[in-house]
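K.L.:
According to the numbering used here, the sequence shown holds residues 1 to 134 in order.
Don't take each hint at face value.
Claimed, not checked - With a cut-off of at most 25 Å between alpha-carbon atoms, the simulated DMTMM-like pairs for lysine to aspartate or glutamate come out as follows:
| no. | residue 1 | residue 2 |
| --- | --- | --- |
| 1 | LYS91 | GLU117 |
| 2 | LYS91 | GLU128 |
| 3 | LYS90 | ASP6 |
| 4 | LYS90 | GLU77 |
| 5 | LYS91 | GLU25 |
Hints in this document: simulated from the structure, not taken from any laboratory.
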Amino acid sequence: MALTLDHVILAVDDLDAASATMRAEGFSVMPGGVHGSGATQNSLIIFEDGTYIELLASAGTTAGDAVGYAPLLARGEGWSGFALHSDNLKKDMQALRGRGVPVAEPTQGSRALPTGETIRWQAAMIPETYSPFY
């Protein structure tokens with residue numbers, strides 16, 4: 001099993017203001033886009049090793065697909081979760097289940113980039129929690 005840190009999530013109320021604050025602190029912040037559910041949007045601070053901080057905010061609509069990340073905003077601003085990267089999600093989920101971790105089947109996620117392009121991924125959650133997710 002090769003799970004590594006993918007990213008940490010910082011919930012924010014105002015994505016533009018939080019992005020501006022992080023830029024003022026010296027970080028390079030890039031617009032991420034709107035998640036496929038339409039409920040959340042993000043900006044990213046990507047580090048040299050590929051890990052990143054995701055600034056996550058409401059996009060003002062309700063979740064419309066299987067992976068809605070709005071629950072990560074439920075407690076207000078602050079660190080709200082993290083994701084672990086797998087290079088073989090199916091195998092790692094089997095290994096986790098073999099160790100007693102109740103991991104749900106992967107679901108499809110997506111995000112529309114500011115360029116109009118859509119990126120897609122799979123995510124597996126532990127039921128009733130969003131952190132960590134895989």
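K.L.:
Going through the numbered hints above, which ones does this structure break? Give me the numbers in ascending order.
P.N.:
Hint check: 1, 4, 5 fail, others pass.
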